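> Chains A and B, in that order, give the protein sequences. At position 476 of the first sequence (counting the first as 1) the number is 476 in the numbering used here, and the numbers step up by one without a gap. At position 131 of the second sequence (counting the first as 1) the number is 878 in the numbering used here, and the numbers step up by one without a gap.
Everything labelled a hint here was simulated from the structure, so no lab data went into it. The structure presented is a predicted model; accordingly, all values stated were derived computationally and were not measured. Among the clues, some could well be false.
Stated by the list, open to error - Derived lysine-lysine pairs resembling BS3-like cross-links, with alpha carbons at most 30 angstroms apart:
#1 B:774 - A:181
#2 B:947 - A:339
#3 A:745 - A:693
#4 B:1025 - B:864
#5 A:72 - A:173
#6 B:774 - A:339
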Amino acid sequence: METKVAVYICRGCDIGDSLDIEALNEVAREKGAAICREHECLCGDDGCEMIRQDVQDGANALVVAACTPRFKTDTFTFDGCRTERVNLREHVVWSHDPNDEDTQALADDYLRMGLARAHKALIPEPFDEEIDKTILVVGGGVTGIAAALDSAAAGYDVVVVEKEQQLGGWSGKFARTFPHKPPYREPEPIPIQERIALVESNDRIEVHTGATIERIAGQPGQFDVTLKANGSSSEFRVGAIVQATGWKPYDASRLGHLGYGESPNVVTNVELEEMIATGTIKRPGDGKPPRRIAFIQCAGSRDENHLPYCSSVCCRVTIKQALMAREFDPTAEAYVLYKDMRTPGQYEDFYRRAQEDSGIFFTKAEVTGIVPSGDGLRIEAENTLLGDRISLEADLVVLATGMVPNSADGEAIRRYNDAKAIVAKGEAGAQLEAAKQTVEELGHVEGSAILNLDYRQGPDLPVLKYEFPDSHFICFPYETRRTGIYMAGCVRAPNDSQVSQEDGSGAALKVIQSLELASRGEAVHPRWGDTSFPDFFLQRCTQCKRCTEECPFGTLNEDVKGTPQPNLTRCRRCGICMGACPERIISFKDYSVDIISSMIKAVEIPDEFEEKPRILGLLCENDAYPSLDTAGLKRLKHSAFIRFIPVRCLGSVNTVWIADALSRGFDGILLIGCMAGNDYQCHFIRGSELMDKRSENVQEKLKQLALEEERVQLFQMPITDYERLPQVINEFAEQIEEIGLNPFKGF
Amino acid sequence: MSQALLLHPDRSFAEELIACGGGDLKKCYQCATCSVVCELSNVGAPFPRKEMIWAQWGLKNRLVSDPDVWLCHQCNDCSTRCPRGARPGDVLAAVRQKSVEHHAVPNALARSVNQVKFYPLLLLLVPGVLLAAALVLRGTLERILPLGEPHESAFYADFFPHWLLIGFFSTFTALSFVGLVFGLVRFWRGMAAADRMDGKEPTIGVGASVVRTVKSVLLHDRFAKCTDRVSRRSSHLMAFYGFMALFVVTVWATIDLYLLPMLGVESLYPFNLLHPMKIVANIGGILLVMGCVKAIVDRSKSRESGGSSSFDWTFVWLLLLVGITGFVTEAFRFAVDPVQRTALEYAAYSIYFVHLILVFGLLVYLPYSKFAHIFYRTVAMIYAEHSGRTQGGERVELPAVVEKAS
């Protein structure tokens, strides 16, 4: 179908008063707009009707020069058309001097860029493949049960896989838990058996106990699962996965300094919990009931040498266990030695309850050692208010150990397997030595895989800090770096059973959302609703594997030669593969190397005698673009010499654009994206980080061209830094003016 | 480095403290708000935070040998600011009571005196019986003892002669004060032992400490730093100086009655209303009553900000009743015609008898009741100077109990 471009310029919101609209019309006509109209209030009924009329008459590429594309999106969406938004309001009139020559030039350029894109971009056609909407829940504990029940209640078929012989997880093994309802004072029974019964009696839920996953191949909507349950294998297809594999206690054998393993009367909180479940507490050493029980909090937790984090539940578990020990034997005493008591939320009342009991003693202390003393144990501690150094005798010592996620480090397993393959081949060379070393170092991951995904980047989810496979827990709860696979419960973050249950429900909602989006060929968060997907022009592929390596979501598998094999429903449409590809063979219908290059080329570069520099800004759509909108909303001014092009992610920036811009005569290039690093805010995990790496190559290029390396700069910002953003832009513009104009101008 | 302290958690002692006014001590979660708001607390090793956790663990030895609890004047700033309602001010008061009871000799008496159920017996019956016995034995004693020629011209002397009065009270007070001295010595030694265990050395001599402490007590200057309720200082000042005036007059009256005649000076006893000593006595009495009344009114008004145990109430009421019965007794002296005696005489004797019972309760039980604070607090303040906890009553920065930042 032929592209018929129609341009609409809104005069509202100060645009008409600040710009020469006639001049803009002129630009539009010059750049091939078939229709060019203006309106006092384009988003009003009248304005929309005007557009609708043109659409009926055959206009199919609309350029709406008005406000930011983040507003009025639905208003300016018309069936069968692509709408290109030119942000004249936030990025031009609200952030620049009105009726100024430079402001007008800026608006003209933005309109040219919009038109360039409108001419080239196509309407994406969603892929249409059959999607299975069954949900696989891995792990049958309190979290998995919640995810299964809620998914079933929402009308989805569920398969629950549990490695043990019965459902329930840890909750099924404990006698009581801390209270989950007001007044938050007494330990409560765990209603897990009722929940298990609900699962077992639900027609939509199929349960496999004693089961492990042999393999999961495919992609969201089409995951083919091979299961091994009690000796026999079965195969079935599911659409999406909730991983609720829970936690394991921290390995207490590493806590020798706290007497574990040295004396049988030093136990972990889980071991005490198992005793409590039997109804009596006995010392493992001699079977006598202990009269003095000491609880050592943060045993290996919040300790750089062990678990650096707080598991959030151990303090409450200790309070519960102390109360229950006192209930079993009213003459017993409990001593709690803590770093800090952490009883979040309403659990302060639970702490109060324990404090009221004169048989439970609390003190802050740093435990320095636990040694046998007579019949019992002596605890040595420092830094207490009871005394600089104290010792305390007890019959039983309980180490409050923390939670470790039951996760598998997918990337490490992949490295290990790759290295093993090299060693097996046995071809001599430096590679072999390195592989041997890797096999040795990563030997511990052997057999640790849980999901056994058939993904090039590894059989399990990549893990982040402290082995938790969470994607970015503040902004995207339950998300992982594998589309269609969500994380809930203690494998996501240490939680109590109530929060885990809520987590299960939350993950169920996310997993349903992902299935529904996949069934419409749409992307999940953060580009939800996007129906574009990457096209690979494989004839020109050189098998460099950059795309398969750099995709943060493991979208691409490889054939034996290393040619990428796309799995479209795994894709989140960030375009990082497009930025990575040196052959520029990857493109989206409405976002490609060529489209952005055309936009860059659409900017009119003043000749050197005008002394007006031009700067290209590549602006991440996720945080930087909204931030600049906010700055405009607050009427914060920025240099009129910069031209911004929104990009899906800084990771999608192909360095050819930088080369194009410099050879076109741009004097500087500013790349603005989300924060990278440990506490990254990048919506596609690694985009900013990858751009940072590619910038190094860009700097090399600049050197070759004898250009100053300050001409290309990368800036990372959180979305809240909108007040700083105009300053950063202006400082960069000043710096470019100081350096002087690009010597390639005019060539 | 101090040696490691072997803890003996003692639930029963914590429960005792809870029973005698420290009812909320278990609520403390060691946030240190109390120590921060306290104007008297030392920097580095501040009370009442450390006392709160000692109390929770029932560390009796630490608490009863802790001079810091006596450096608190119970303004209860800490109790009103405590985010958990643990009432540290009240806990310190309970600790002080336990400290008195712990050190007092004989110990059993101390523990009994402070129990309300023993009040009728100990406060009324015992002194009543003893005084009555003294009256019954008066004739016998007069015959046995070489009393010389009595020259009693006072009205009440007919009922309870001065030699008997002085003999009776000197005997019993002296006995109880022997107990007191033993108690105070044990207290001092306990404090010194605790500091030695913590590796602390005294900073100045005892003599200098006494001088500084006396000055501080006379001025009530530490009391003045309790900013929340300055009025407590004025009532305490009135009661303190009122009591001191009456004490001085009593001593002088004895001197006047017995020593001056020996030196050939005519005794002026009983003093008339314009006698300087009588003026001092009456002013002292008025101050005592006013101070007690003000204290009682203030305490009743502000019960929410400062709890008072029976230990506190008994003492202030006893003091007030001694003052009131003293004045009534005095009034009868002027109301009853010394020659034409009437039925009023018996009323006068009765009230005098009651007055004497109350004085007995106050003086003889002093080492065991809240009144003991006059000595324990003074000794603790002397010790605080001696050990460097305070300097001239001012707080100082001490090496922190917790040495490492956590």
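> Are the hints correct? Go through all of them and say.
So, going through the hints one by one against the coordinates:
1. B:774 - A:181: holds (22 angstroms)
2. B:947 - A:339: holds (27 angstroms)
3. A:745 - A:693: Roughly 27 angstroms separates the two Cα atoms, so the pair holds.
4. B:1025 - B:864: Measuring from Cα to Cα gives roughly 38 angstroms; hence the hint is violated.
5. A:72 - A:173: Not satisfied, since the Cα-Cα distance of roughly 54 angstroms exceeds 30 angstroms.
6. B:774 - A:339: OK: residue 774 of chain B and residue 339 of chain A at ~18 angstroms, within 30 angstroms.
In summary, the numbered hints that this structure violates are 4 and 5.
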